[in-house]
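Grab the two chains, each in its own frame, and use the hints to assemble them into the complex.
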Amino acid sequence: MNTETYAVLLLMVVAWPLLLAIPALHFRLPWPRYLAIIPAALLTMLPGEVSLELPWLLFGTGFAMEGESRWILAMSVAIWFAAAAIMRPSKYDFVDQRTTTFFLLTMAGSLGAVLTSDLVGFFCFATLMGYGFYGLLIQNVDEAARRAGRFYLIFLIVADLLLFEALLLAAFVTDDLRFAVVHEAMAGASSAQFYLWMVFISFALKAGVWPAHLWLTVAFSSAGRSTALLLGGVPVAMALLGAVRWLPIGEQDFGVSALIVQGLGVVAVLYAVLKIFTRASGESLPAWAAVAATGLFVVALGGGLAHPALWQQYEFFAYPFIALLAILLATLAYLVGGTSDTKLPVVVPQRTDVVTQWTVRCIATIQQWIKERLSGIQSHLHTSWLKSTSRCQQIVGRQKPRALRNEWGVRITFFVLLGLAMAWLAE
Amino acid sequence: MNWNSWLPLLVILSSLLPGLIIFGLAEKRVRLRIMLNLLGAVAKIGLVGWMLWGVYNGIHYEMRLALLPGLELVLRAGPLSLFFVTLSALLWLVTTAYAIGYLEESPNRSRFFGFFSLCVTATVGVALSGNLITFLLFYELLTLATYPLVVHRGTEAARHAGRTYLTYTVFGGALLLLGTVWLYTLTGTLEFAPQGGFLDGLGDEHRPALVIIFALLIAGFGVKAALVPFHGWLPQAMVAPAPVSALLHAVAVVKAGAFGIVRVVYDVFGVEFAAGLGVLGPLAWLAAVTIIYGSLRALFQDDLKRRLAFSTVSQVSYIALGVAIAGPIATIGGVVHLVHQGLMKITLFFCAGNLAETLGIHKVSEMNGVGRRMPWTMAAFTIGAFGMIGAPPVAGFVTKWYLGLGALEAGQAWVVLVLAGSSLLNAAYFLPILHRAWFREPSGVWPEERDFGRKETAWMLLLPPLLTAAMALAAGLLVMLPFSPLEWAKLISAREFYQP
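First to last, the sequence lines map onto chains A and B. Read in the working numbering, the first sequence has 373 at position 373, and its numbers run on one by one without any break. For any residue, its number in the working numbering is found by taking its place in the second sequence, counting from 1, and adding 427.
One chain only, chain B, in its complex shape (with noise of 0.2 Å):
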């Protein structure tokens, strides 16, 4: 085993690591938990920065360890689980960094910070997994890890947030451990393919058994990608602390569902395998029902974390849309969706607990005038919805054209309306926000107002939104320049599509 089959593991250990260690510091050691916070974002970050160079110049890392006869844990890093495992180093800093200054003087926070790294640590692990079963136990790991972040505060509504989600996710488990074990005794394999699948060699007499096994792992992934009806979870869990909410909508559990998706048409099935199955077209149908969905909800929703939920539910389904729609360019627009939605969700979370927290604002109801109180955490929020509206040159607005160019070349224009529709469902519910803050007089007194000094809030929570937004709108701006997430996400395409 050489240094290269060494680098998967150690990605995961820079979180695991630091995790256990905090898990048995004493609350006042403050200093000494911080460092080891930033540290382990940092190592994961200089790790992943090499595998993406050694991967982009066509070196392969690979770490493989028996787990039981016949089944292995594998550790792989190619250009799909590298994007994902990018997207989750970056934004795991960020929101530790927030979470730093989110929690300053709060109890618990040893615990809190353990089970956060031990968070990352599954869904990097659900990233680099080289097999179906890799995936599993790093997907079951993530659920048990973040269930005690969800009920962190400890509040009846909070414990029972913690129980529904735990109902849902264990629920999504025990379909996809199904769909597994089945899949399994008609292949005898489960290792993740990369270009067509494993699924090839086998008859038409398993066809109607695949069709089954297809929807039971999209039902399982689909109950952390929240895809309507199995996103009941996910705006209840919005009384978890804000850096959970943004862990939750764009750094690992959504994203770790939606990821799921992605790797079983792709990795498993196969686009075309999937395609010739007809199981791609309800896949398709399901996430044009879900956006739909969840931007109506949010129409309705005054608590603006509810709001940014169901805007989740909605947005989190074009990537299982571009994978549906079987086609390299739709490809490109649901994978890359992947880090833009990431980053734009991250931001507008950040906002929502910089006027939580600051202000004591949690409806939009309450928002009138917040843009002259707090300025550069609405300018970051102005980005981000605009973004999730998808209004260029915000990274949205990149997502949108690959899916809709996309479906335009699979030839599947009712795509293109869907996306319509939901823009202007999302201008909808993005739009009068943004009015309120801006544009309102202030209704006099904020509900719970935190002073700062002359600065419009702590340094520790400003920060990190307006670093998302700018990444959001380099996004999209700098979209052509090399490494960009557009780039990244082409070169999956090309990968899965034009690859003998």
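Chain A on its own, in the form it takes in the complex (with noise of 0.2 Å):
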């Protein structure tokens, strides 16, 4: 294949299923959604490395296959072809015709999003992404799924607002702004812990980092099945390639700010791994398997940011790593996780059934022995912050579940230890 046809396929993976998320046109094809992966399945198989520039597009943007996006976009292709066959709208109803177009808008967001070279077309595609995901988080019309759109959505806003004035900082420092370029540039800018964080919290809040992890606790939990198995492969999995690509890693020693960040990622892992074995049920536990996994990851960012060259060593493995993590998260979210969608309830085939069973029962156990083992750590860490927590909350009459009122307490808890720990650090 010539390199202009590879590069036609190149804008194609992104231009397609924008094109078919035109209700009018969707509604004509048969299969639009497994049409709309095709240009980016057939991209992931060709190989070489491509790159197209477009100077009249956006700030002038551009779209690279490279080896590291090769894992990306077939993780992608994989999770939003596992998506389109669960998800089976009948096409003669409005609900399943808006599900559609969301469906193919989140796709094009989070297919241009692997594929753009730049800042620009990063936080362009993943607006779009964002946006459109939030159409399919909301699909089944009920409280909960209300409630899990509302506290995305405004994840979300937070995050991109602290994305765009990243971007303004970075656009000050450099004229190009693609990412190697980006990286080099912040580096040695006089703004680069300032760019650090905000590009930090930015997706850590997209990626439902803890303890930006309500929005993924409550979707997981409300969303529709299809939709449970794209969380982990496109919000989750796109923020950490974002991070990956926005952050200058490798590039100096970010002293406290990177001890802060494995600090988080340590926290959010202990923290996740405890409510996976004490409380998870077997819907919210891809969601703590998630926020499990991001911690892990952004140890590993944190590491990068302290060690340089340690990061240059190893950087190859985030992508594969993201990709796994995607991956297993989408299976976790398909096995137990997740409502069925609304519309055609998904049957399960009855294997399927076993092995969720099983996987539930393993787990059952494992929490039950973990959390007797736990029970007299618990009841010490409750002994001091809740009860004071509690009387708080009696004196002002706030009568709040007993549940909620545990789990902030768990939470202010690591916070403080955190924050000792960083104090100790710091010293």
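By construction, these hints were calculated from the structure, which means they are not laboratory data. Fair warning: this is a prediction, and the values are worked out from it, not measured in the lab. Some hints could be false.
[Claimed, not checked] On the chain A side, residues computed to face chain B include the following (Cβ under 7 Å): (1) 94; (2) 124; (3) 138; (4) 168.
Here a beta-carbon is modelled for each residue, glycine too, at the ideal position from N, C-alpha and C.
Now the structure itself:
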């Protein structure tokens, strides 16, 4: 295949699902959701690398298919294909047509984010993906879905605002906004720390990294099965990818900031593991697994920020890690999480049911075992913090459910522990 | 006087003459009226296109007519004026087409379209003015031509809104006249001077007077630009028909005020001189306050057009903010927003008009599930709303990008926070509308549904918002193309900041 055809295919990966998202078009075509993935699937299979510069688009953007992108693209194709297979809306109903539109818009956004080679392009596609995913998240028009959508939207807006500010900072430092150039330019800039935190917080919000995981847990437990499957592969994976591409990792030692990032990651992993083995129900299990995995990734990011040489040596592994993580989360979400899609409940094959039951039973056994072991530690944690919290709530007359109080208590405890750890490190 | 000198006048006459003829037409001469309207609009676009090409290639278009001893009526086409003229000419054509569909079978159409044409004539005159006195004349003509459009429906609410509008704008005009006369007594000229204004020769003894004159001029223009606290007339004027609202918010009135502020800062005072006087800081703060205030007020409006009106109060101040930041990049952001805000806001008002005309929907709370009934209209509305929020790749993103970058360049990082706050508030008052329209179940019967067969509404009502939404999207996506609004704004900024 010659370079021109390759470049056209690269463009079609994004343009084709965008075109098909127009209801008047996908209404008339068979299997629009599968059709939309075809260019991306073809691109994944083709060998070699290609890049395409589009100086007339946005502020001059470009797409590139490189070794690193191939991992993420392959993962995306697999997940989108699986989600398309699970979601089988009838084309004669408005709600289902709307769902297909949002499905295709989100797909275009996520595939574009994978292939774009600069910050502005990534920001645009991530925004498209983010708002498109909101449409998928609240396709089950019930209160739980609406609540999940509300949380997600608030986090998304705040994250996008922070990312926009970071984008301005980067543009202020360098005219060339390609990832590699920004990495180098920001590392030496006076606003590097500020940029680092803006980008980190933004992507942490988008990925549901602890303690910004609230939307993720709510979303996993209220989303339809197909959307739950996409949760790991689309917003979470794309946010992690964004963090790797935007953060100037491997360029300089970010000192205390890097340690704080690592600390956050460690606490996230501990917290999520604790939740998994003490409280997580089947439906929220993928959410906590996602929190743990993103925590792990944050530890690695922090390591890269602290030790540039180490990151340069092992940077490549970040991409397969993201891809693998997304696939695992999607599998987990399919097996144990997510409610059925509203219109056409998915008939889960008998074999999967057995697997599901086996998985849940195993986890329940382990949960029980850990619960017993941790009960002593938990009661100790509760004594001081939770009692005072409960007393305060009683004083102001707020009768919150006990579970919520406990959750906040644990959260506050971890924050304090983290603060103490940071203070100690700073010393 | 050569052919090039006549072109600015011809651009003005292309809407003035059809307007005057339409006044004399009987109500039943529908076809002739439509033909005159569209012919005038197309002719204007053709002439403007010609001048655009000429100005891009360095041709000078200027016409001078003696008005009074020492005062001339000057029409001049430069990059800045043509930027505004192009916006007005393009949107006039679209709005005329929309108004034809909107006012089908309603009374007093000749009167309406006559004043409509006069209104655009005045706007183009404002844009092409070569000195402050010419500007003032057309600016006042705009006030007078718009008043009959605001009260067009003849209801008590419309008359009240008209009175408020007239009170505010006449007051603003008086301030403007005072400032202009005072300035003339100091300088002896009112000729706009691109690249630095015409006040350079004045000594320090005039400094207090110049500060007051600046305040008078900004207050005068601020009335039409709806700067806080002069914004009160704009939400009330929402009783006017949708095409008039579109005209007020996107094409003519509000834009004329904002354009006046740009003229005062760039071509009367000059950026450096104004910065030296210390008047740009307060202007930036006033604009910032207006941006946040307008957004906050919009948040609590259930009436859709009132919500959009307060949104205009907020958004138009981006232009003043860009100018007041006083840097080349922020200037690009401010000036380009003249066009971007026009495209996005006219889309939103067209859509609001469609909802009112087709389903009788006037309130946000009545919009549940309207996306199912009118998907194309709501798709256009969605693009406009996302543009207002500043989400990429719609035009509003480009504006916020340049304003933010310009603020950082000028060392005024607080502006970035204002922009972020504004975006947050914009999202807070636009996204619930979109949620209702696309994700809520329709409540049953629409307030006043009209039957358009298999179509969601009449073609003449549906095509204009689709066209303007596509333009708003293109202005963001294809921002680097030659002749894009951004490229033109860059030309204006370069002329202001970099040319000797």
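Hint by hint, which ones does this structure get wrong, listed from lowest number up? Every hint satisfied by this model.
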